[in-house]
Amino acid sequence: MADLADLTIAEAGVGLRRGEFSSVDLLDAVTRRASITEAQLHAYLTLDGQGARMAAESADAAFADGKDVGPLQGIPIALKDNMCTKGVTTTASSQILAGWKPPYDATVVQRLKAAGAVLTGKTNLDEFAMGSSTENSAYGETRNPWNPNHVPGGSSGGSAATVAVGSAFGSLGSDTGGSIRQPAALCGVVGMKPTYGLVSRYGLIAFASSLDQIGPFSRSVADSAVILDAIAGWDHYDSTSIDGPVPNLAGSLETGVKGLKIGIVTELMGEGIDPQVKAAVSTTATQLASAGAELIEVSLPSSEYALSAYYLIAPAECSANLARFDGVRYGHRAQVEGTAEDMMAHSRAEGFGPEVIRRILLGTYALSAGYYDAFYGQAQRVRTLVRNDFAAAYEKVDVLISPTSPTTAFRVGERAADPIAMYYSDVCTIPSNLSGDPAISVPIGVDDAGLPIGFQIMAPALGEEILYQVASAVESMAGFTQRAALASSEVVAP
Amino acid sequence: MTNRPTTKTFSTWEAVIGIETHVELSTKSKMFCGCPANIPDEPNTACCPVCLALPGALPVPNEQAIEGIVTIGTALGCTINESSLFYRKNYFYPDLPKNYQISQYTFPVCEFGSLDVEVDGTSTTIGITRVHMEEDTGKSSHVGGGDGRIHDADHTLLDFNRAGVPLVEIVTEPDIRSPEQARAYGAELQRIMLALGVSDAKLETGSMRFDANVSVRRVGTETLGTRTETKNVNSLRSLQRAIAFEIDRQVDVLEDGGVIVQETRHWNEDTGATSSMRTKEESEDYRYFQDPDLLPLEVSVQWRDRIKASLPELPAQMRARFRGAGVDAATAEILADSPDLAGLFETAVAGGAPGKLIGNWLTGEVIAWSRREEIDVSESDLTAEHLIELATMMNDGKLSSTAGKDVLTAVMAGEGTPNEIAVARDLLQVSDEGAILEAVDTVLADNPDAVDKIAAGDSKPIGFLMGQVMRHMGGKADPTVVQQILRDRTRGE
Ligand SMILES: [Zn+2]
Numbered sequence: 020m021a022d023l024a025d026l027t028i029a030e031a032g033v034g035l036r037r038g039e040f041s042s043v044d045l046l047d048a049v050t051r052r053a054s055i056t057e058a059q060l061h062a063y064l065t066l067d068g069q070g071a072r073m074a075a076e077s078a079d080a081a082f083a084d085g086k087d088v089g090p091l092q093g094i095p096i097a098l099k100d101n102m103c104t105k106g107v108t109t110t111a112s113s114q115i116l117a118g119w120k121p122p123y124d125a126t127v128v129q130r131l132k133a134a135g136a137v138l139t140g141k142t143n144l145d146e147f148a149m150g151s152s153t154e155n156s157a158y159g160e161t162r163n164p165w166n167p168n169h170v171p172g173g174s175s176g177g178s179a180a181t182v183a184v185g186s187a188f189g190s191l192g193s194d195t196g197g198s199i200r201q202p203a204a205l206c207g208v209v210g211m212k213p214t215y216g217l218v219s220r221y222g223l224i225a226f227a228s229s230l231d232q233i234g235p236f237s238r239s240v241a242d243s244a245v246i247l248d249a250i251a252g253w254d255h256y257d258s259t260s261i262d263g264p265v266p267n268l269a270g271s272l273e274t275g276v277k278g279l280k281i282g283i284v285t286e287l288m289g290e291g292i293d294p295q296v297k298a299a300v301s302t303t304a305t306q307l308a309s310a311g312a313e314l315i316e317v318s319l320p321s322s323e324y325a326l327s328a329y330y331l332i333a334p335a336e337c338s339a340n341l342a343r344f345d346g347v348r349y350g351h352r353a354q355v356e357g358t359a360e361d362m363m364a365h366s367r368a369e370g371f372g373p374e375v376i377r378r379i380l381l382g383t384y385a386l387s388a389g390y391y392d393a394f395y396g397q398a399q400r401v402r403t404l405v406r407n408d409f410a411a412a413y414e415k416v417d418v419l420i421s422p423t424s425p426t427t428a429f430r431v432g433e434r435a436a437d438p439i440a441m442y443y444s445d446v447c448t449i450p451s452n453l454s455g456d457p458a459i460s461v462p463i464g465v466d467d468a469g470l471p472i473g474f475q476i477m478a479p480a481l482g483e484e485i486l487y488q489v490a491s492a493v494e495s496m497a498g499f500t501q502r503a504a505l506a507s508s509e510v511v512a513p
Numbered sequence: 005m006t007n008r009p010t011t012k013t014f015s016t017w018e019a020v021i022g023i024e025t026h027v028e029l030s031t032k033s034k035m036f037c038g039c040p041a042n043i044p045d046e047p048n049t050a051c052c053p054v055c056l057a058l059p060g061a062l063p064v065p066n067e068q069a070i071e072g073i074v075t076i077g078t079a080l081g082c083t084i085n086e087s088s089l090f091y092r093k094n095y096f097y098p099d100l101p102k103n104y105q106i107s108q109y110t111f112p113v114c115e116f117g118s119l120d121v122e123v124d125g126t127s128t129t130i131g132i133t134r135v136h137m138e139e140d141t142g143k144s145s146h147v148g149g150g151d152g153r154i155h156d157a158d159h160t161l162l163d164f165n166r167a168g169v170p171l172v173e174i175v176t177e178p179d180i181r182s183p184e185q186a187r188a189y190g191a192e193l194q195r196i197m198l199a200l201g202v203s204d205a206k207l208e209t210g211s212m213r214f215d216a217n218v219s220v221r222r223v224g225t226e227t228l229g230t231r232t233e234t235k236n237v238n239s240l241r242s243l244q245r246a247i248a249f250e251i252d253r254q255v256d257v258l259e260d261g262g263v264i265v266q267e268t269r270h271w272n273e274d275t276g277a278t279s280s281m282r283t284k285e286e287s288e289d290y291r292y293f294q295d296p297d298l299l300p301l302e303v304s305v306q307w308r309d310r311i312k313a314s315l316p317e318l319p320a321q322m323r324a325r326f327r328g329a330g331v332d333a334a335t336a337e338i339l340a341d342s343p344d345l346a347g348l349f350e351t352a353v354a355g356g357a358p359g360k361l362i363g364n365w366l367t368g369e370v371i372a373w374s375r376r377e378e379i380d381v382s383e384s385d386l387t388a389e390h391l392i393e394l395a396t397m398m399n400d401g402k403l404s405s406t407a408g409k410d411v412l413t414a415v416m417a418g419e420g421t422p423n424e425i426a427v428a429r430d431l432l433q434v435s436d437e438g439a440i441l442e443a444v445d446t447v448l449a450d451n452p453d454a455v456d457k458i459a460a461g462d463s464k465p466i467g468f469l470m471g472q473v474m475r476h477m478g479g480k481a482d483p484t485v486v487q488q489i490l491r492d493r494t495r496g497e
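Sequences listed follow chains Z and B, in order.
Those letters in the first sequence? Residues 20 to 513, by the working numbering.
Those letters in the second sequence? Residues 5 to 497, by the working numbering.
Simulated from the structure, these hints should not be mistaken for laboratory data.
Honestly, I wouldn't trust all of these hints.
Where chain B lies over chain Z, by a calculated footprint (3+ residues, C-beta under 8 Å) [claimed, not checked]:
hint, region
1, 112-125
2, 245-258
3, 350-361
Each residue gets a CB set at the ideal place from its N, CA and C atoms; glycine is no exception.
Could you put the whole structure together from the sequences, leaning on the hints where they help?
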């Protein structure tokens, strides 16, 4: 029999309800998997063994009592370590929050708990979600489950990797410029960024507030919809959350693509995209056409400037968002002689890593008197152009498609010294963050090196239903069944 | 008392003054979280993840505070913007939890208002540039070192109870021309806040505080001089004094051929002087940008109109009404400034009592008794009905004006109704003509010399005869009636 750790959430749910195994069995399976994979992978920063065990036992007790709150009851789920968990260390992979235990749960955490999920622990990320490789973690990098010499992508690399190797059935990440979709693509799992405002950001340690959005990682499109359904919806504690009905996510999964108009984004299929990635995306696009969709070439002319605009807006917002880390009320406090202000300055200098400092400086500069209009102001105008481009595109097509990442997983250290090359990793994903629209990455194959390739689908705001409809079709057409090399409960000989 | 005249402006210099006022709203909860906005004494007991700026916490605007600022803007005749924006004002300070303050920049809630202030009978209209919404900071206590400032303190204690309390900033045009006008503006603004019930507006606790922008220029010139901003002004008196000092200082500098440095200055109450805090070069770049955690603040036309319709009477309107009821400007101001006195005045006057008399009693005997006894007027036994009854007795000649005042004081002390007291103290005057006539005739018969003098055209003895009649009546005759009868009787002789 297959290892329980390799089941989808849907499969595990069936077994739980048939009494074939318990939630504690599922937790044991992912814990055993983690105990083998973590040495090489380092996907988790914190494993909450005790909390998870109690949650699994109470899920089993609920099943025994005939109580069933839905498809996540008893399912082990991992959380990116930038989401606050009451009493469980939350660091955002930064030294400045070393050992910090939040006094409250993020809204998504509350909702997962209410849905009966078993929260396994906290996963690694680029410090404060700033990065595309999970190398910028103060606690050491995460490796790619398909080949540990490669990066898992980022910033939600830990959350992507746990799902790829089976040390969790699903996980949450946050996506500011592609931080869910790009690692999903590089780790061969499904990663989804919802419409901005569909999922509450309350308790998510902010990187760039106008771009950040929490979303799920999973091993199937159906599982993705199930997790999103549990966390989506209006939240009083987030003023930017959408006060309205949540799209019907599961309803449209198997309805196919016949008659849909699908736009392939010209600018994201050109120079800079790896030929093997391009070929795989074209093949899938052709399959969609064969399945009855109308394929249309669509241009997003402003996407050329999207990356530059993003790298002004996100740092500008982060320069203010991260100002609160000053050693005064919590987190790392420098031991220095001098004034309170000296203490604050030293705490920040000691507590933040180099990429975080780079972005804070960049953002502070972009907002400075005399530069605001040329940098931040101009970036906001580009953002408006990007939105207009998308709006124009969606007058012609139902969804847009592109590669998720211009390349498959790069080698550890390869781009660490070249920020611009690293920033380019997000070129395909950033436009959807600027527009606030939903997008998903679905694995469609591997390249010659055996590394996964992700296929991105983008939809208009609150178009989650059609997004999942197309994603589900892509999933079944691609028939991607390979598993990551590290996804085994057997100890692999070195 | 405190009206130190502005000396050095003379006729050659003119002061140009603008005032920024911060008002803490007395809402139930803080601006962006559910913590109580009335600040407890025990430090750091009214805090939560939002107002402590814990990682991941987000702001949610307080509707009651928005209602408060719209009420203020409406009272100041402002345009209320249907949509306004929250900005982040970035600066690092230990008592600012997020190290940015949520404030407004372009598109505040209220703009383009005005307020009329009166000094020595001359009314001036002060333009209100804007009224915007923001949040308060925590409180720092810099312990040890010299003067309680951060730079040479041994350590700093922080209390975040005040962090996030709703704060409204009211900014004037540079329309103020004298320290006296500035004080009158501050006083009138404070009255308005109290009348609206949006803030306790206490200067001593800092729930209302002023910053003064001051520059001077030669009379006749149009261009503005370089201005300074004076902070730490904690009373209306200091506002006037600090501005007067700053005007004099700037005039001295300019007359000595110097230049004014654009800077922030600190008012020191003890030395009565301002001193430099930081110059413009050292001043911070706040890097304002729109807060991405907050949507545009919408004030619907319906909401705005409802607030306007339910606006209470403003102090200026009340004073005008009181003056219409017969009191002078000074009395009207004292009455309007005290809800207790204003209430008694209005009810008594509505009940037919003469405004002038009631106004004099309230601002005279009533206030004096309250101060002497250290008891609030509202805690005394005095009611508007008592005032009406007493005024009627006066009008009917039953009491002398001195006796009336005594009765009033006794009413406040709880001795009974005016009539009960007058009877008990045997103060009622006789205005019955028969009894007085009898006494007059007796006195005239006893004093033929006086009668003769009067008949000869010397009216002086009338006073003497008055005194005799009053003595005869035990002091309880209505003097007006006595005089009338005396005149009638002596004329005919
Ligand atoms: Zn609070």
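Hints and how they fare:
1. 112-125: holds (count 6)
2. 245-258: Answer holds; 4 residues pass the 8 Å Cβ test.
3. 350-361: With 3 residues close enough to chain B, the hint holds.
Violated hints: none; the structure is consistent with every hint.
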